[in-house]
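Student: Take the sequences, apply the hints, and build the full model.
With the sequence shown counted from 1, adding 8 to any position gets you the numbering used here.
No lab work stands behind these hints: they were computed from the structure. Among the clues, some could well be false.
[As the list claims (entries may be wrong)] The calculated label-pair distances, taken between Cβ atoms and stated as ranges, are:
hint, residue 1, residue 2, range
1, 451, 97, 32 to 38 Å
2, 504, 24, 42 to 48 Å
3, 190, 15, 35 to 41 Å
4, 508, 287, 27 to 33 Å
5, 499, 573, 21 to 27 Å
6, 188, 381, 45 to 51 Å
7, 90, 195, 29 to 35 Å
[Stated by the list, open to error] List time: in silico DMTMM-like cross-link candidates among lysine to aspartate or glutamate, alpha-carbon distance up to 20 Å:
hint, residue 1, residue 2
8, 20, 68
9, 470, 493
10, 536, 25
11, 166, 251
12, 97, 260
13, 458, 493
14, 166, 224
15, 542, 478
16, 292, 372
17, 489, 478
18, 104, 84
19, 61, 25
20, 322, 260
21, 276, 234
22, 104, 224
23, 479, 538
24, 20, 10
25, 376, 159
26, 44, 167
27, 20, 60
28, 104, 79
29, 29, 60
30, 33, 373
31, 97, 84
32, 382, 372
33, 322, 79
34, 204, 326
35, 489, 560
36, 44, 54
37, 389, 372
38, 206, 251
39, 348, 326
40, 489, 554
Note that the coordinates shown come from a computational prediction; the quantities given were computed from them, not determined experimentally. Cβ coordinates follow ideal geometry from the N, Cα and C atoms, glycine included.
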Amino acid sequence: MDNFFKDTPDFKFHLKDPILKKVVKLKEDNFEQSEKFDYAPLNHEDAIDSYEKVLEIVGDICANTISPNAEGVDLEGPHIENNEVIYAKGTTEDYKALYEAGLIGMSLPRRYGGLNFPLLPYVMAAEMVARADAGFANIWGLQDCAETIYEFGSEEQKDKFLPRFNKDGATAAMVLTEPDAGSDLQAVKLKAVFNKEKNTWILNGVKRFITNGDADISLVLARSEEGTNDARGLSMFIYDRNDHAVEVRHLEKKLGIKGSPTCELVFKDAPAELVGKERFGLIKYVMSLMNSARLGVGAQSVGIADAAYREALKYAEERAQFGKVIVNFPAVYEMLTNMKIRIDALRSLLYETTRFVDIFKAYEEVMKDRTLTKEERMEMKHYGKLSNVFTPLIKLTASEACNKIAYDSLQIHGGTGFMKDFPIERIYRDARITSIYEGTSQLQAVAAIKGVTTGVFFEQIKAYDTEVLDKNCEIRTKLHKMAEEYQSISQSIIEQKNNELVDFHSTRLVEMAGNIIMGYLLVLNSQKDDKFIKTARLYVNLVRSENKERFDYMNGFSVENLEMYKNVDLEALKH
Numbered sequence: 009m010d011n012f013f014k015d016t017p018d019f020k021f022h023l024k025d026p027i028l029k030k031v032v033k034l035k036e037d038n039f040e041q042s043e044k045f046d047y048a049p050l051n052h053e054d055a056i057d058s059y060e061k062v063l064e065i066v067g068d069i070c071a072n073t074i075s076p077n078a079e080g081v082d083l084e085g086p087h088i089e090n091n092e093v094i095y096a097k098g099t100t101e102d103y104k105a106l107y108e109a110g111l112i113g114m115s116l117p118r119r120y121g122g123l124n125f126p127l128l129p130y131v132m133a134a135e136m137v138a139r140a141d142a143g144f145a146n147i148w149g150l151q152d153c154a155e156t157i158y159e160f161g162s163e164e165q166k167d168k169f170l171p172r173f174n175k176d177g178a179t180a181a182m183v184l185t186e187p188d189a190g191s192d193l194q195a196v197k198l199k200a201v202f203n204k205e206k207n208t209w210i211l212n213g214v215k216r217f218i219t220n221g222d223a224d225i226s227l228v229l230a231r232s233e234e235g236t237n238d239a240r241g242l243s244m245f246i247y248d249r250n251d252h253a254v255e256v257r258h259l260e261k262k263l264g265i266k267g268s269p270t271c272e273l274v275f276k277d278a279p280a281e282l283v284g285k286e287r288f289g290l291i292k293y294v295m296s297l298m299n300s301a302r303l304g305v306g307a308q309s310v311g312i313a314d315a316a317y318r319e320a321l322k323y324a325e326e327r328a329q330f331g332k333v334i335v336n337f338p339a340v341y342e343m344l345t346n347m348k349i350r351i352d353a354l355r356s357l358l359y360e361t362t363r364f365v366d367i368f369k370a371y372e373e374v375m376k377d378r379t380l381t382k383e384e385r386m387e388m389k390h391y392g393k394l395s396n397v398f399t400p401l402i403k404l405t406a407s408e409a410c411n412k413i414a415y416d417s418l419q420i421h422g423g424t425g426f427m428k429d430f431p432i433e434r435i436y437r438d439a440r441i442t443s444i445y446e447g448t449s450q451l452q453a454v455a456a457i458k459g460v461t462t463g464v465f466f467e468q469i470k471a472y473d474t475e476v477l478d479k480n481c482e483i484r485t486k487l488h489k490m491a492e493e494y495q496s497i498s499q500s501i502i503e504q505k506n507n508e509l510v511d512f513h514s515t516r517l518v519e520m521a522g523n524i525i526m527g528y529l530l531v532l533n534s535q536k537d538d539k540f541i542k543t544a545r546l547y548v549n550l551v552r553s554e555n556k557e558r559f560d561y562m563n564g565f566s567v568e569n570l571e572m573y574k575n576v577d578l579e580a581l582k583h
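Tutor: Structural data, given as structure tokens:
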């Protein structure tokens, strides 16, 4: 029987990272939770064994339920019936399988019915689910909303809503976007007014492009401060579908991820509960929620890329042309190899980023019960900085690479890949959204550029370099040269003190840093497992040329060039 966990040895490899030991110890209260819960781990080895057993269950469900259902779900899609979104038959089966396995709310504390897992195994599960069906990954992954309620909600809200995820299999939604407020969330207009008679907040307005919009529990961004028009007037609310005060006006007809319902919602005097404090909705709570979502899209992108690669490899090994299978043609095996090494690199970056977020959040949790030591505070601050720039970095690089890998996979399939006879047609369509939602690639670059301008990326590159055991290895020498060029060109651009110029080059600079970081991660992986040696060598050779191209372009670019871009006659180009 197929299993998505067992056929991907990288998962077990990344569960062995030393940082995870610290995370687990903090999450488990130095393993004292085993005194309160009989299924809590007794030690680190016990915890890892538990993660692997659960991930094996996820891998089985992905391979034998979700993946076989994906094609039918894509064709059927959801529909509206009596103002309720009805999932495709396969989607209902998928969710039921994960719910019955106790995998809804798996990262929540045990007192709310969760498994108290760190983010790392949860993100691994998300990658497998996305590999099986990218659209379904959205529905299952929106349990992230439970984390936001846990982090910012009141004790009453936690007790009321969180147990429903594991106990009832509750679904969730982030209700943020509006017809006139896409990426610019500070323009949100949905109105929230406190009704003194009913002693509750009331929501009125329209939301659009809401993934899984008719969910059981929704986190809604709304304008609570009358007369405001910026982020400071926004608050976050919990809406419970049991109140039946929202009309599902429309389901979007989409290019891909068709099993995931994308709704237009109309709030009509809908009762809601305020999360945390007023005016912190976008500034604090949505930013936290979006960071989790970006990590989720990173996992989704790696999962889609892996699915596309496996389909390409399978087809290339079976399809014969000119007297031999096409996998033996250089033009094809180069594409396949480049897909594989990019996936290895992206997966390493994904789980490195997840570990950074894990340890930061673990310390946040500890702070609720005791004061951190000076060392712990410094470590928390360090990993917080890394999390803030690595999260948009993985979202940007993984989503862009996922689109390229899906494109190349379809190309290897040739004309058959353009038909609905093969899964790559669906995978190719599903991939496209990853570089758009939860913040476009362009917005991720703007967020991640802080890692360039503050030197956080370069400092981490230097830290990785100190961990390389073979100080004279050829790959390290190439990475040194890449790092020198990256630092040189980034400093040259920053020193011009032109923010618009920095923004213009932000994607190039961030991607240069990402390539170097992933190169180092693969080198460090190869010190623990020989299977990464060839991958590290091939990857660094590949991205070295990419970085050189970016360097040459920026090195020959001046502010005058920027002015030409700004003043181009767009009307003239139409003729």
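Student: Next step is simple, just say for each hint if it's right about the structure.
Tutor: Checked hints:
1. Against the hinted window of 32 to 38 Å, the Cβ-Cβ separation of residue 451 and residue 97 comes to about 36 Å, which satisfies the hint.
2. Look at residue 504 against residue 24: about 44 Å separates their beta carbons, and that is inside 42 to 48 Å.
3. Between residue 190 and residue 15, the C-beta spacing of about 38 Å keeps the proposed range 35 to 41 Å intact.
4. Distance hint for residue 508 and residue 287: a CB-CB separation of about 30 Å, consistent with the stated range 27 to 33 Å.
5. Checked against the hint of 21 to 27 Å, the C-beta distance between residue 499 and residue 573 comes to roughly 23 Å, which is consistent with it.
6. Checking the proposed 45 to 51 Å range against residue 188 and residue 381 shows it holds: the Cβ atoms sit about 48 Å from each other.
7. Roughly 33 Å separates the CB atoms of residue 90 and residue 195, a value that falls within the hinted 29 to 35 Å.
8. For the suggested pair residue 20 and residue 68, the alpha carbons sit about 16 Å apart, so the restraint of at most 20 Å is met.
9. Between the alpha carbons of residue 470 and residue 493 the distance comes to roughly 14 Å, so the proposed pair stays at or under 20 Å and holds.
10. Annotation: proposed proximity of residue 536 to residue 25 holds, straight-line Cα distance about 10 Å (limit 20 Å).
11. For the given pair, residue 166 sits about 18 Å from residue 251 by alpha-carbon distance, which is consistent with the 20 Å threshold.
12. For the suggested pair residue 97 and residue 260, the alpha carbons sit about 19 Å apart, so the restraint of at most 20 Å is met.
13. Distance check on the hinted pair: residue 458 and residue 493 sit about 18 Å apart at the alpha-carbon level, within 20 Å; holds.
14. A C-alpha spacing of about 15 Å is found between residue 166 and residue 224, which places the hinted pair at or below 20 Å, so the restraint holds.
15. Straight-line distance between C-alpha atoms of residue 542 and residue 478 comes to about 15 Å, which keeps the hinted pair within the 20 Å bound.
16. Note on residue 292 and residue 372: the hinted pairing holds, with a Cα-Cα distance of about 15 Å set against a maximum of 20 Å.
17. Restraint check: the Cα-Cα separation between residue 489 and residue 478 comes to about 16 Å, which is no more than 20 Å; the hinted pair holds.
18. The suggested pairing of residue 104 with residue 84 holds, with an alpha-carbon distance near 18 Å, which does not exceed 20 Å.
19. As the CA atoms of residue 61 and residue 25 are separated by approximately 18 Å, the hinted pair is consistent with the 20 Å bound.
20. Under the criterion of a C-alpha separation no larger than 20 Å, the hint pairing residue 322 with residue 260 is inconsistent with the structure, at around 33 Å.
21. For the hint pairing residue 276 with residue 234, the CA-to-CA distance comes to about 18 Å; that is within 20 Å, so the pair holds.
22. For the suggested pair residue 104 and residue 224, the alpha carbons sit about 15 Å apart, so the restraint of at most 20 Å is met.
23. Simply put, residue 479 and residue 538 have alpha-carbon atoms about 17 Å apart, close enough for the 20 Å limit, and the pair holds.
24. As the CA atoms of residue 20 and residue 10 are separated by approximately 17 Å, the hinted pair is consistent with the 20 Å bound.
25. Proximity of residue 376 to residue 159 is assessed by CA-CA distance (about 11 Å); at most 20 Å being required, the pair is judged to hold.
26. Note on residue 44 and residue 167: the hinted pairing holds, with a Cα-Cα distance of about 18 Å set against a maximum of 20 Å.
27. For the proposed pair residue 20 and residue 60, the alpha carbon gap of about 8 Å is at most 20 Å, so the pair holds.
28. Taking the CA atoms of residue 104 and residue 79, the gap is near 18 Å; set against the 20 Å cutoff, the hint holds.
29. Restraint check for residue 29 and residue 60: the C-alpha separation of about 15 Å stays at or below 20 Å, so the hint holds.
30. Between residue 33 and residue 373 the alpha-carbon distance is near 12 Å, which keeps this suggested pair within the 20 Å criterion.
31. Taking the CA atoms of residue 97 and residue 84, the gap is near 8 Å; set against the 20 Å cutoff, the hint holds.
32. Taking the CA atoms of residue 382 and residue 372, the gap is near 14 Å; set against the 20 Å cutoff, the hint holds.
33. A C-alpha spacing of about 18 Å is found between residue 322 and residue 79, which places the hinted pair at or below 20 Å, so the restraint holds.
34. A distance of roughly 69 Å separates the Cα atoms of residue 204 and residue 326; the hinted pair therefore is violated under the 20 Å criterion.
35. Distance hint between residue 489 and residue 560 is fulfilled; the C-alpha atoms sit about 14 Å from each other, no more than 20 Å.
36. With a C-alpha separation of about 16 Å, the suggested pair residue 44 and residue 54 falls inside the 20 Å cut-off, and the hint holds.
37. Pair hint residue 389 plus residue 372 holds up; C-alpha atoms about 11 Å apart against a cutoff of 20 Å.
38. Proposed proximity of residue 206 and residue 251 is supported: the alpha carbons are some 14 Å apart, at most 20 Å.
39. Straight-line distance between C-alpha atoms of residue 348 and residue 326 comes to about 18 Å, which keeps the hinted pair within the 20 Å bound.
40. Of the supplied pair hints, the one linking residue 489 and residue 554 holds, its CA atoms being roughly 13 Å apart against a limit of 20 Å.
In this structure, the hints that do not hold are numbers 20, 34, in rising order.
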